[in-house]
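Quick mapping for you: the protein sequence lines, in order, are chains A and B. Going by the working numbering, the first residue of the first sequence is number 1, and it counts up by one from there. Going by the working numbering, the first residue of the second sequence is number 180, and it counts up by one from there.
Mixed in with the good hints, there may be bad ones.
What the hints assert, rightly or not - According to the in silico footprint, chain B covers these stretches of chain A (three or more CB under 8 Å from chain B):
#, region
1, 8 to 17
2, 98 to 105
3, 119 to 133
Hints are computed from structural coordinates only; laboratory data are not their basis. Here a beta-carbon is modelled for each residue, glycine too, at the ideal position from N, C-alpha and C.
Protein chains: 2
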Amino acid sequence: MRYAMLAGETGDWTIDAIRPVRGAPLGEAPRLQVVEAERADGLPAQWRLDGVVSNIRYATAHEAAALRARQEGLGRPEARRAVLIPIAKSAAWWALAQDERRAIFEETSHHTAIGMEYLPAVARRLYHGRDLGEPFDFLTWFEFAAGDTPAFDALVARLRASAEWTYVEREVEVRLSRP
Amino acid sequence: MRYAMLAGETGDWTIDAIRPVRGAPLGEAPRLQVVEAERADGLPAQWRLDGVVSNIRYATAHEAAALRARQEGLGRPEARRAVLIPIAKSAAWWALAQDERRAIFEETSHHTAIGMEYLPAVARRLYHGRDLGEPFDFLTWFEFAAGDTPAFDALVARLRASAEWTYVEREVEVRLSRP
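The following block holds chain A by itself, in its conformation from the complex (with noise of 0.2 Å):
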């Protein structure tokens, strides 16, 4: 399923801060909406991002279990903060084939492994983006209670200081509340 997140003047999440965190930012607006891309075309937005929910591209099926096991689902009724983080890879990682590809991502940047010790406090939802010509290859979105926001800023930290980051060529952070 693909999915559009609209800033603009509409929607139920309120950003707080755009921060550019490498390459490019994007610009200011007060509110974003995510929803189904084709009820997205000729909405107003001042930007559009777009993703699909597709299939694991890494996960083991020992991993996969272990997630379904500890997370939870988005919209909880406490999960009143979240942040979109876009990402755009280089070309380095792209050409990269898919047992090199994923050492980098679990063996040794732990990223499934890093993920999981926040669950189920750090909610996440991946969308995919490179395969549909967008800019940011991969949307993520975390949502979780106003109090765990020390345990996500340090999930993010871990996450940017791997070896796996070293291949971002574009990330920046949108930090959304809602009432």
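Given chain A, put chain B in place with the hints provided.
Coordinates of chain B only, in the frame set by chain A:
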């Protein structure tokens, strides 16, 4: 890069036969062309299938190097035959974890290893459609000299006999030629 396969009145390739292998067929048409998707909008077509050339999904670095060493590109002057095989796999396939799909694809079904045996005679290009919301998950384009048609027939028969193919829900075979 996103491409469109357009079946209709025009195109370099003559459609010699369209054979439904499993599931719903595709309509008859005289000719076929492959164009960049953004150039295809508005062009008349009896049917259109889109796909993107994307990164490697299963091959290891060792396998990818072996493929690069043996394979040749599309468009060789002697390659007057082509076959387009659109395929959709089942929800059960896409629900598998990465290691489970890899094991069926290669360790059990020897997909890459079988294809390698027919290089460089049978050139191949893979287009991904699933994340685009297309009816087919993959469009595979094979190109070879007329004299290598029996080799192609053996290649595709071996793949269809594999464990991987038990996950194929829809498949069509479009036989093409150019003078």
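Holds or violated: the region 98 to 105 of chain A covered by chain B, criterion of 3 or more residues with Cβ-Cβ distance under 8 Å? holds (count 4)
Stated coverage of the region 8 to 17 of chain A by chain B [criterion: 3+ residues, CB within 8 Å]: violated (count 0)
Taking a Cβ-to-Cβ distance below 8 Å as contact, does the region 119 to 133 of chain A have at least three residues touching chain B? Held - the region 119 to 133 of chain A has 5 residues with a Cβ nearer than 8 Å to chain B, which meets the minimum of three.
Violation of the numbered hints given earlier is confined to hint 1; every other hint is satisfied by the structure.
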